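As they're listed, the protein sequences go chains R, H and P. 4 is the number of the first residue of the first sequence in the working numbering; add one for each residue after it. 4 is the number of the first residue of the second sequence in the working numbering; add one for each residue after it. 4 is the number of the first residue of the third sequence in the working numbering; add one for each residue after it.
Since the hints were derived computationally from the structure, they do not count as laboratory data. Watch out, some of these pointers could steer you wrong.
[As the list claims (entries may be wrong)] Cut-off 27 Å, straight-line C-alpha distance, at most; resulting in silico cross-link-like pairs (DSSO-like, lysine-lysine): (1) R:K150 with R:K101; (2) P:K143 with H:K101; (3) H:K101 with R:K85; (4) R:K150 with P:K101; (5) H:K93 with P:K93.
Note that the structure is predicted; figures quoted are calculated from it, not measured.
Okay, here's what each chain looks like letter by letter:
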Amino acid sequence: MIDVIVSGDVLRATTKAMVALVSEARLHFNSDGLHSRAVDPANVAMVIVTIPSTSFEVCKVDEEKVIGVDVNRIYDISKSIKSDELVELKIEDETTLKVKFGSVNYSVALIDPSAIRKEPKVPNLELPAKIVLDAGEFRKAILAADKISDHVVFRSDETGFYIEAEGDVDRIEFHMSDAELIEFNKGEARSMFSIEYLKEFVKLAGSGDVLTTYLGNNYPVRLVFDVCDGKVKVEYILAPRIEAE
Amino acid sequence: MIDVIVSGDVLRATTKAMVALVSEARLHFNSDGLHSRAVDPANVAMVIVTIPSTSFEVCKVDEEKVIGVDVNRIYDISKSIKSDELVELKIEDETTLKVKFGSVNYSVALIDPSAIRKEPKVPNLELPAKIVLDAGEFRKAILAADKISDHVVFRSDETGFYIEAEGDVDRIEFHMSDAELIEFNKGEARSMFSIEYLKEFVKLAGSGDVLTTYLGNNYPVRLVFDVCDGKVKVEYILAPRIEAE
Amino acid sequence: MIDVIVSGDVLRATTKAMVALVSEARLHFNSDGLHSRAVDPANVAMVIVTIPSTSFEVCKVDEEKVIGVDVNRIYDISKSIKSDELVELKIEDETTLKVKFGSVNYSVALIDPSAIRKEPKVPNLELPAKIVLDAGEFRKAILAADKISDHVVFRSDETGFYIEAEGDVDRIEFHMSDAELIEFNKGEARSMFSIEYLKEFVKLAGSGDVLTTYLGNNYPVRLVFDVCDGKVKVEYILAPRIEAE
Chain R
4 MIDVIVSGDV LRATTKAMVA LVSEARLHFN SDGLHSRAVD PANVAMVIVT
54 IPSTSFEVCK VDEEKVIGVD VNRIYDISKS IKSDELVELK IEDETTLKVK
104 FGSVNYSVAL IDPSAIRKEP KVPNLELPAK IVLDAGEFRK AILAADKISD
154 HVVFRSDETG FYIEAEGDVD RIEFHMSDAE LIEFNKGEAR SMFSIEYLKE
204 FVKLAGSGDV LTTYLGNNYP VRLVFDVCDG KVKVEYILAP RIEAE
Chain H
4 MIDVIVSGDV LRATTKAMVA LVSEARLHFN SDGLHSRAVD PANVAMVIVT
54 IPSTSFEVCK VDEEKVIGVD VNRIYDISKS IKSDELVELK IEDETTLKVK
104 FGSVNYSVAL IDPSAIRKEP KVPNLELPAK IVLDAGEFRK AILAADKISD
154 HVVFRSDETG FYIEAEGDVD RIEFHMSDAE LIEFNKGEAR SMFSIEYLKE
204 FVKLAGSGDV LTTYLGNNYP VRLVFDVCDG KVKVEYILAP RIEAE
Chain P
4 MIDVIVSGDV LRATTKAMVA LVSEARLHFN SDGLHSRAVD PANVAMVIVT
54 IPSTSFEVCK VDEEKVIGVD VNRIYDISKS IKSDELVELK IEDETTLKVK
104 FGSVNYSVAL IDPSAIRKEP KVPNLELPAK IVLDAGEFRK AILAADKISD
154 HVVFRSDETG FYIEAEGDVD RIEFHMSDAE LIEFNKGEAR SMFSIEYLKE
204 FVKLAGSGDV LTTYLGNNYP VRLVFDVCDG KVKVEYILAP RIEAE
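The task is simple: from the sequences and hints, build the whole structure.
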């Protein structure tokens with residue numbers, strides 16, 4: 004049996020992170036907490052979500068268990084739970100997830116995990132640049148870039164980290180120097196990405212959240228968001244786009 | 004002549020309660036205050052609204068009077084009045100209702116009351132269960148149920164009050180025990196209702212407002228809302244739906 | 004070279020005022036500050052915007068300069084700048100306006116001023132009535148009138164200032180007496196205007212902003228808004244509509 008209690012914001016952030024890419028997913032419960040990963044139907048991006056057991060108020064997991072859920076449904080439910088309200092998730096048999104908060108009791112039908120697309124392996128990526136910045140600043144840059152283009156270049160060198168976009172007549176450049184970044188190894192790297200995906204990713208990030216970006220050359224990027232005061236770790240891996248010369 | 008002064012929130016709540024069911028209605032002014040009732044075109048629900056004379060700042064009613072109004076129009080106007088701003092309603096002849104607040108003077112054409120559908124008699128209902136609860140909690144339950152079904156079961160027995168809905172695969176149950184309810188006579192009752200109507204009803208209810216529910220067995224329900232700090236009483240009577248076995 | 008620094012709210016208010024009428028405009032920079040005026044495509048209204056040099060944090064204008072810009076684009080950018088955040092506008096050559104705030108650098112392509120419709124001369128109007136009032140109250144009256152009609156009458160006489168609208172069955176009158184107005188010369192005047200335009204104008208006005216109205220008889224009206232704590236002056240001149248008898 005699984006019986007865990009967590010705050011509303013953690014459940015909301017976790018499911019919000021997943022619905023950016025998929026509508027159904029497998030959740031793994033074990034003594035370390037909750038873990039899930041999934042790839043979007045187009046195979047362009049992967050999401051990896053982790054709630055460590057210490058982020059739960061109560062975390063009773065009798066045995067390791069994998070369940071299949073409609074994450075859209077859980078995300079929908081989570082929107083009516085207040086951020087600091089406690090919500091209980093309970094699985095007593097193979098068919099039902101019980102979601103309980105306040106006077107409300109949801110019974111959500113589980114999906115046979117074998118009917119859900121197999122989880123991907125997390126690829127082994129060697130990424131020379133590591134950039135740590137405020138997630139709210141990153142979000143602002145992505146949303147600004149979205150107004151003039153559908154792709155952005157991430158670039159880093161010893162002068163700092165750059166996000167660049169070019170429209171038909173306009174150009175936007177977001178630049179943070181070493182001093183403005185939380186942490187920076189000054190690695191050199193440059194890759195181009197689709198804003199369509201990045202726009203979805205930044206939805207869960209607010210000012211004050213920390214984003215660690217691992218960047219390579221024409222190589223996938225790893226974006227690791229620490230949200231809900233560090234209670235949830237959300238990692239996205241996004242494939243690059245080919246930059247036309 | 005009729006010349007009454009009331010706060011913006013009272014006018015707004017009263018008209019909002021009515022537009023949930025009808026677009027035109029008869030308003031009765033007498034020394035007790037203002038009273039109105041109406042049935043929706045499908046004859047499924049009735050609304051009964053009462054503003055006692057003590058809820059008016061000024062209540063000058065020379066003689067009993069019935070007027071016909073386009074409640075949508077008055078509700079529209081009321082939305083631009085602040086909650087604690089005073090608004091004067093004045094009827095000097097048979098043709099015009101004057102609505103005055105701040106520097107604004109509306110003249111709204113009256114409708115011949117005989118052109119509006121006759122008011123219903125309030126039915127005499129014997130309802131065994133009386134449940135008093137926070138209207139905000141009730142609203143939350145109805146909105147949650149709406150996500151998975153188009154009808155709900157209200158049920159009460161000695162263990163408390165239940166609102167239940169079933170979707171194709173999910174189930175939601177809202178439960179408040181005797182201790183969580185403001186007042187409860189532990190009467191046994193069970194009826195099913197359309198969420199479509201309930202959703203409209205709960206629009207005017209916020210946390211802190213008190214809702215008294217009178218429930219029977221496959222019988223209409225009476226929902227009595229005390230809103231605007233008790234200055235307005237809104238009662239809805241809703242016909243049950245037949246529960247398929 | 005031009006290099007000025009201004010707060011986000013000033014840039015937003017200025018461009019918002021212009022997009023109410025045009026999408027492209029000529030901006031004049033000189034030692035007095037920034038000035039622009041434009042007429043809408045239908046030749047019904049004119050907007051005149053002035054930011055005096057004292058409203059800039061820094062105002063470096065080497066020589067008088069006229070540039071052509073897509074004001075919609077600048078307004079769009081300005082929406083992502085906080086009100087009290089400083090934004091730098093820089094023109095180093097004939098082709099590009101650089102907009103810089105926080106870590107963001109926009110390069111906006113300039114438009115050849117000769118490709119933009121020639122600015123109008125400001126007409127010389129003799130307007131007998133001068134009415135100074137809270138812009139938020141004016142806005143409220145226009146939005147209320149918009150619900151029942153598509154034109155309004157502005158009227159002033161010794162008893163005060165009136166805004167009147169008539170619908171098919173309803174009528175609304177907004178009245179402020181001498182005592183309620185900030186300043187009033189009691190001039191007699193009356194003209195009718197299109198709400199379609201006025202609705203756009205009042206978008207930039209909030210409670211606390213001051214509006215000076217100069218009114219004549221079947222003659223254009225001048226509406227002078229002082230916004231952003233007086234840092235920006237926005238003037239609209241609106242042609243009257245013929246009042247059918």
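These are the hints, each one checked on the structure:
1. With a CA separation close to 42 Å, the supplied pair K150 of chain R and K101 of chain R exceeds the 27 Å bound.
2. For a cut-off of 27 Å, the pair hint linking K143 of chain P to K101 of chain H stands: about 18 Å separates their Cα positions.
3. Straight-line distance between C-alpha atoms of K101 of chain H and K85 of chain R comes to about 43 Å, which puts the hinted pair past the 27 Å bound.
4. A threshold of 27 Å between alpha carbons decides the hint, and for K150 of chain R with K101 of chain P the separation of about 16 Å falls inside it, so the pair holds.
5. Distance check on the hinted pair: K93 of chain H and K93 of chain P sit about 59 Å apart at the alpha-carbon level, beyond 27 Å; violated.
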